[in-house]
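Enquirer: Given the structure of chain X, go ahead and fit chain E onto it with the hints provided.
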Amino acid sequence: MLKKRIIAVLPIFNGIVVQSIGFKKYLPVGKAEIAIEFLNSWGIDEIVVVDISARKNNLTIQPVFVKMIAQKCFVPLAVGGGINNLNDVDGLIRSGADKVIVNNSVLFNTQLITEIAKNYGDQCVVASVDVIREKYTCHVFDYLNHKIYYKNLDEVVKIATEAGAGELLINAVHRDGSYLGYDIELYNKICNIVTVPVLACGGAKNADSMADLLNNTKVSAACAGNFFHFFEHSVNISKSILSKNSDQIRVDMAVNYKESDVDMYGRLNKKSDITLDNLLYLKIEKEII
Amino acid sequence: MNKLSICIVDYGVGNTHSVANSISYLGYKVKISNQFNIISNSDVLILPGVGAFEVAINNLRSAGLAELLNELVLKKQKPILGICVGMQMMAGYSEENGHHNGLNWIPGAVVKLLEKDGFPVPHVGWNTINSIIFDPLFSKANINSHFYFDHSYYFSPANQDHVSAFVNYGQKITAAIQFENICGVQFHPEKSQTNGLKLFRSFINGVIQYA
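Chains as they are written, first to last, in this note's numbering: chain X, 1 to 289; chain E, 1 to 211.
Keep in mind the hints are simulated off the structure, nothing from the lab. Even glycine gets a Cβ: it sits at the ideal position worked out from N, Cα and C. Careful, some of the hints might be misleading.
To be verified - Listed next, with one range per pair, are the computed distances between beta-carbon atoms: (1) E:Arg61 to X:Lys244: 39 to 45 angstroms; (2) E:Ser40 to X:Met1: 41 to 47 angstroms; (3) E:Phe179 to X:Met1: 38 to 44 angstroms; (4) X:Lys72 to E:Asn97: 32 to 38 angstroms; (5) X:Lys218 to E:Tyr25: 56 to 62 angstroms.
As the list claims (entries may be wrong) - For lysine-lysine, the following DSSO-like pairs were computed, each having C-alpha atoms within a straight-line distance of at most 30 angstroms: (6) E:Lys3 to X:Lys189; (7) X:Lys151 to X:Lys189; (8) E:Lys3 to X:Lys286; (9) X:Lys118 to X:Lys158; (10) X:Lys72 to E:Lys3; (11) X:Lys218 to E:Lys3; (12) X:Lys67 to E:Lys3.
Okay, chain X solo, but in the shape it has when bound (with noise of 0.2 angstroms):
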């Protein structure tokens, strides 16, 4: 059976990796390449990487850095930030970018996304929307100009997968970095509208806010920036939490933590003495590929 996916989101200013905000607010969290490395060691799913920099400076995201990154990414990679014409996308996937993503050209230019499903599959090309809740309604937010789009939701999205998209990629700005959970009844909403693959990002604070989202939604994939960072196996903990009610996760790394008892932050109790003594003479092989 298709499982869900956990996506890593990474966003990129000047060339490091942050934590966001609200869309306003970056707190430094370190170099993309070591991250990257340790959350595929950890069973991550899939990895975005944006650059939130490139746009506003009019730059794209480069095919060298991308490279760079992609070395130890076993995972697909999704990458994007001022993408502008077929010839930056012919670049990223030569680096070893899996799919692109696009999010001005959403709102801007709708026949970048017609090309590039065109020339290498729709499954190739993620149309990113960036929303925000005032009240009942949510707005599609136009991130380079920080203003609320002229056109509804609804209206964009339809483009988007009309345009060629192949999944969608859903920022809930209002939830960006609040630890507030996600936005159930946006994903509810955009689930109905479209049939292609929609991704959730934005408020997750743990492996419960996400099983929260897979349980009272159909997304394809629960999406996190933040918590993935500040704790040691982050991804296989999360999973294992997620996969004790749930036969849609993928657990098949060599370490996983199904055994082991969380408390209410989702942090790992400590084991029992008798079972710490039994582990001590306990051999385990390296797992040789």
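Expert: Chain E only, in chain X's frame:
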């Protein structure tokens, strides 16, 4: 073993770099090339692929690589692994955006996935495969391994004996094919983490005796 030369055929649309990363991670020497002499002198060939069938096959033909591969694979029996569109091109023809002839190494057609409720197309994500033939591709794989799929069309071979693994996605889809020295996978082993690395390792180990 270190002298084994592996060549990734570069015909302009494949994600050659990702495949090369995986194989060199395993410690093999790998070249990405469209040069006839380099391809001919390699022991093992890999035909990657991303994107539309028509663009892929046209690129392969216009670079003269289709003829070269026919010669190497059919006459000289060089082991080859096709990935995604690289595997689909081994079919007789494809129905993707019209009717396009393939290399016709394994008879059959590339057809569109049925769109059903709960099974959106494209089929994107990690899915569990069921292997039928284990050697060489799945000799190291665990039971119910997950692999990463990303496609809208799939290869339906005329002879079902050529299917070495399948996957369920509202219908039975060919996940891997095999016929003599020709292997192909619909999923992306270069993007399937440990399982993908294991597949490359077992493919290369398995075909080494012929190389």
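Enquirer: Now tell me, hint by hint, if it's right for this structure.
Expert: Consistency of the hints with the structure:
no., hint, in the structure
1, E:Arg61 to X:Lys244: 39 to 45 angstroms, "violated, 52 angstroms"
2, E:Ser40 to X:Met1: 41 to 47 angstroms, "holds, 43 angstroms"
3, E:Phe179 to X:Met1: 38 to 44 angstroms, "violated, 28 angstroms"
4, X:Lys72 to E:Asn97: 32 to 38 angstroms, "holds, 36 angstroms"
5, X:Lys218 to E:Tyr25: 56 to 62 angstroms, "violated, 36 angstroms"
6, E:Lys3 to X:Lys189, "violated, 57 angstroms"
7, X:Lys151 to X:Lys189, "holds, 16 angstroms"
8, E:Lys3 to X:Lys286, "holds, 27 angstroms"
9, X:Lys118 to X:Lys158, "holds, 18 angstroms"
10, X:Lys72 to E:Lys3, "holds, 24 angstroms"
11, X:Lys218 to E:Lys3, "violated, 50 angstroms"
12, X:Lys67 to E:Lys3, "holds, 26 angstroms"
Taken one by one, the earlier hints fail for this structure at numbers 1, 3, 5, 6 and 11, listed in ascending order.
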